[in-house]
Amino acid sequence: DSRTLLWDTRCPKPATRIVCSACNHLPTSVMWHPQKSDIFALGDENGTVALVDTKNPDSALSSAVHARSITGFAFSTHSSPLLASISEDCSVAVLDSDLSEVFRNRSHRDFVKGLSWSPSDNALLTTVGWDHQVLHHTVPIPTGEASGVNCVKE
32 DSRTLLWDTR CPKPATRIVC SACNHLPTSV MWHPQKSDIF ALGDENGTVA
82 LVDTKNPDSA LSSAVHARSI TGFAFSTHSS PLLASISEDC SVAVLDSDLS
132 EVFRNRSHRD FVKGLSWSPS DNALLTTVGW DHQVLHHTVP IPTGEASGVN
182 CVKE
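If you read the sequence shown in the numbering used here, its first letter stands for residue 32, the second for the next number, and so on.
It is worth saying that the hints were derived from the structure and are not from the lab. Just so you know, these numbers come straight off a predicted model, no measurement behind them. We put the CB at the ideal spot given by N, CA and C, even for glycine. One or more of the hints may lead you astray.
Below are the DMTMM-like pairs computed for lysine to aspartate or glutamate, each with C-alpha atoms no more than 20 angstroms apart in a straight line [to be verified]:
1. Lys86 <-> Asp69
2. Lys86 <-> Asp120
3. Lys144 <-> Asp129
4. Lys67 <-> Asp127
5. Lys144 <-> Asp162
6. Lys44 <-> Asp69
7. Lys144 <-> Glu76
8. Lys67 <-> Asp89
9. Lys86 <-> Glu119
10. Lys144 <-> Glu119
11. Lys86 <-> Asp39
12. Lys67 <-> Asp84
13. Lys67 <-> Asp129
For each label pair, taking beta carbons as the anchor points, the in silico distance ranges come out as [claimed, not checked]:
14. Pro43 <-> Lys67: 35 to 43 angstroms
15. Asp162 <-> Arg41: 39 to 47 angstroms
16. Ser151 <-> Met62: 20 to 28 angstroms
17. Cys42 <-> Asp141: 37 to 45 angstroms
18. Arg34 <-> Lys86: 31 to 39 angstroms
19. Lys86 <-> Val165: 35 to 43 angstroms
20. Leu37 <-> Phe106: 15 to 23 angstroms
Build out the structure end to end from the sequences listed, making use of the hints.
What follows is the structure in structure tokens.
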């Protein structure tokens with residue numbers, strides 16, 4: 032029904048509907064921001080990514096990042112975390128805090144269904160797809176400093 036409900040069992044009325052003008056399609060993925068307790072990333076069936084503030088959901092920052100449904104998110108451990116998103120459009124995108132694209136890879140040949148940042152290398156993102164590929168991506172570091180962007184098939 033395209034509604035986003037926030038559940039907090041500490042409240043007398045535990046379910047709160049999040050009304051977000053940027054979120055017009057069926058939500059398919061959600062993840063809390065690791066450093067800002069009132070912010071979460073929301074992805075929808077249309078490929079839109081939104082950063083929603085629970086205190087002011089109508090001012091959500093959003094961007095049409097993918098051509099198809101978002102299948103997952105992962106925030107990096109950088110001081111200003113990067114947000115990686117994966118999709119049924121067979122791509123992975125990495126966004127900064129303004130939802131500007133800093134990295135994109137389209138090497139998967141089928142839906143991308145899983146992703147994880149390396150715990151030991153801030154620039155390494157791993158994705159897995161229905162194409163039976165595990166890909167390791169070197170993402171440019173947040174300072175904007177040039178780094179070798181590559182993709183290694185496992």
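Hint check results:
no.	hint	in the structure
1	Lys86 <-> Asp69	holds, 7 angstroms
2	Lys86 <-> Asp120	violated, 32 angstroms
3	Lys144 <-> Asp129	violated, 24 angstroms
4	Lys67 <-> Asp127	holds, 15 angstroms
5	Lys144 <-> Asp162	holds, 10 angstroms
6	Lys44 <-> Asp69	holds, 18 angstroms
7	Lys144 <-> Glu76	holds, 14 angstroms
8	Lys67 <-> Asp89	holds, 17 angstroms
9	Lys86 <-> Glu119	violated, 31 angstroms
10	Lys144 <-> Glu119	holds, 8 angstroms
11	Lys86 <-> Asp39	holds, 14 angstroms
12	Lys67 <-> Asp84	holds, 9 angstroms
13	Lys67 <-> Asp129	holds, 14 angstroms
14	Pro43 <-> Lys67: 35 to 43 angstroms	violated, 25 angstroms
15	Asp162 <-> Arg41: 39 to 47 angstroms	holds, 43 angstroms
16	Ser151 <-> Met62: 20 to 28 angstroms	holds, 21 angstroms
17	Cys42 <-> Asp141: 37 to 45 angstroms	holds, 41 angstroms
18	Arg34 <-> Lys86: 31 to 39 angstroms	violated, 19 angstroms
19	Lys86 <-> Val165: 35 to 43 angstroms	holds, 39 angstroms
20	Leu37 <-> Phe106: 15 to 23 angstroms	holds, 18 angstroms
This entry does not satisfy hints 2, 3, 9, 14, 18, going by the numbered hints stated previously.
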